[in-house]
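Undergrad: Use the sequences and the hints to build the structure in full.
These are the residues of each chain, in order.
There are 2 protein chains.
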Amino acid sequence: MRHVTQERALRTREKLFRAGAEVFDEFGYSGAGINKILERAGVTTSALYFHFESKEGLAKAVMNAQPQAIEGMLHSEGLQRLVDITLVWAQRLQTDPVLRAGVRLSVEQGAFGVRDATAYLSWRGIMEGCLREAERNGELRCDLDLEEVAEFVVGACTGVQLYAQLVSGRQDLPKRTVRMWELLLPGVAVPEAAARMDLDPMRGISA
Amino acid sequence: MRHVTQERALRTREKLFRAGAEVFDEFGYSGAGINKILERAGVTTSALYFHFESKEGLAKAVMNAQPQAIEGMLHSEGLQRLVDITLVWAQRLQTDPVLRAGVRLSVEQGAFGVRDATAYLSWRGIMEGCLREAERNGELRCDLDLEEVAEFVVGACTGVQLYAQLVSGRQDLPKRTVRMWELLLPGVAVPEAAARMDLDPMRGISA
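As they're listed, the protein sequences go chains Y and G.
FYI, in the UniProt record's numbering the residues of the first sequence are 1 to 207.
FYI, in the UniProt record's numbering the residues of the second sequence are 1 to 207.
Think of the hints as simulated: they come from the structure by calculation, not from any bench.
Since we're looking at a predicted model, the values are computed, not measured.
Ideal placement from N, C-alpha and C gives every residue a C-beta, glycine not left out.
Hints should not be assumed to be uniformly reliable.
Quick list of the computed label-pair ranges, beta carbon to beta carbon [to be verified]:
1. G:I205 with Y:F50: 51 to 59 Å
2. G:G169 with Y:G57: 18 to 26 Å
3. Y:A9 with G:D198: 57 to 65 Å
4. Y:T95 with G:D143: 27 to 35 Å
5. Y:E39 with G:S168: 52 to 60 Å
6. G:S168 with Y:N137: 45 to 53 Å
7. Y:V114 with G:T95: 18 to 26 Å
8. Y:F27 with G:G129: 32 to 40 Å
9. G:E56 with Y:D145: 36 to 44 Å
10. G:G42 with Y:Q94: 29 to 37 Å
Cut-off 25 Å, straight-line C-alpha distance, at most; resulting in silico cross-link-like pairs (SDA-like, lysine to any residue) [stated by the list, open to error]:
11. G:K60 with Y:G113
12. G:K36 with Y:S30
13. G:K175 with Y:L121
14. G:K60 with Y:V114
15. G:K60 with Y:R170
16. G:K60 with Y:E26
17. G:K60 with Y:V167
18. Y:K55 with G:G33
19. G:K55 with Y:V167
20. Y:K175 with G:R141
21. Y:K55 with G:E26
22. Y:K55 with G:K175
23. Y:K60 with G:V167
24. Y:K175 with G:L185
25. Y:K175 with G:R115
26. G:K175 with Y:R115
27. Y:K175 with G:A117
28. G:K175 with Y:R179
29. Y:K36 with G:K60
30. G:K55 with Y:V114
31. Y:K175 with G:G110
32. G:K175 with Y:E182
33. Y:K36 with G:G110
34. Y:K55 with G:R141
TA: Now the structure itself:
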């Protein structure tokens, strides 16, 4: 019995999380009324408060789930893995409500009085991990501070995404991400590694 | 008489603009009540509607005034001018309410239902102009699409700013901007031009 209850609770949490992502993606934080979320999830107010404490709690959970939504889809390593993270992210942002809502909430959080760097710091950690591996593989220029590079890539992706959203509703984000790497690789990678990188934006679909 | 009236109207507009920038910077769009702005400006509601039509109109005016706030302060040319734009911007964002509010509103605009790329496109145009000059001066690698480079720099600055705001309240933005150029210059400039660039973050104060 206990097991069944736990499973049901997990399903309820997942329904709420998913509905929250969809509604935050579509309406932003302020426009996402709690009733809209509960209706879409088909659950009660008390479930929301039990699992996430508040609308803000749910928003933070969605905001901070971005890295998990990507990491499981990668098979490459080192510098190519770092590139792939950004290409998969750029492609999946076209359709995945969790990523879309996560990015929207991260960027707009100041407007609803939240200042939570968790998602950015998780991305930084993951990207720094790829860079450490790339360094061990001899792919990087030797004068780099890897934490700084990771922080710059997180920031640059965030801003390129914002720009793409304003000028094309994000449709050209994959192409812009490829261009970012074309500009960045000479400053980051040794020439042989730069030449070896696969920058096909469709890696974002097949990777 | 007519002249005096026009001058007074301009002063009123300037007061409203300034008060709007300060209040938007401090409270964001939703938190910036019209009365708060009018009180700080010491003008009437009708003046706001006469000069800006609405709170949204005032917000757009502030958002799109960023480039003018910077351009007059520059004395360099070509690639150094592009670098200086970003260094001056990073420094002045510490204190200038017009820039601070402009950036905040640009980033958070989705949260209040606005989608206005004007400020980003002005920056792109200005930066592309610097790059064209740099190209004529032989400072750039020959395989670049200058519009794409300009768009990337606008996006990257936006994102680095957002990252800096979350982790340091923007204090380390000048340092992060210098690092951005250290990573980007090898992909953008010929080696001699890259070596010649002055990346002292204090150029943002003295330039």
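Undergrad: Determine for every hint whether it applies to the structure shown.
TA: Going through the hints against the structure:
no. : hint                           : result
1   : G:I205 with Y:F50: 51 to 59 Å  : 53 Å, holds
2   : G:G169 with Y:G57: 18 to 26 Å  : 24 Å, holds
3   : Y:A9 with G:D198: 57 to 65 Å   : 60 Å, holds
4   : Y:T95 with G:D143: 27 to 35 Å  : 33 Å, holds
5   : Y:E39 with G:S168: 52 to 60 Å  : 40 Å, violated
6   : G:S168 with Y:N137: 45 to 53 Å : 32 Å, violated
7   : Y:V114 with G:T95: 18 to 26 Å  : 24 Å, holds
8   : Y:F27 with G:G129: 32 to 40 Å  : 39 Å, holds
9   : G:E56 with Y:D145: 36 to 44 Å  : 42 Å, holds
10  : G:G42 with Y:Q94: 29 to 37 Å   : 48 Å, violated
11  : G:K60 with Y:G113              : 21 Å, holds
12  : G:K36 with Y:S30               : 21 Å, holds
13  : G:K175 with Y:L121             : 18 Å, holds
14  : G:K60 with Y:V114              : 23 Å, holds
15  : G:K60 with Y:R170              : 22 Å, holds
16  : G:K60 with Y:E26               : 23 Å, holds
17  : G:K60 with Y:V167              : 17 Å, holds
18  : Y:K55 with G:G33               : 24 Å, holds
19  : G:K55 with Y:V167              : 24 Å, holds
20  : Y:K175 with G:R141             : 21 Å, holds
21  : Y:K55 with G:E26               : 24 Å, holds
22  : Y:K55 with G:K175              : 36 Å, violated
23  : Y:K60 with G:V167              : 17 Å, holds
24  : Y:K175 with G:L185             : 21 Å, holds
25  : Y:K175 with G:R115             : 21 Å, holds
26  : G:K175 with Y:R115             : 21 Å, holds
27  : Y:K175 with G:A117             : 19 Å, holds
28  : G:K175 with Y:R179             : 24 Å, holds
29  : Y:K36 with G:K60               : 30 Å, violated
30  : G:K55 with Y:V114              : 23 Å, holds
31  : Y:K175 with G:G110             : 23 Å, holds
32  : G:K175 with Y:E182             : 23 Å, holds
33  : Y:K36 with G:G110              : 19 Å, holds
34  : Y:K55 with G:R141              : 50 Å, violated
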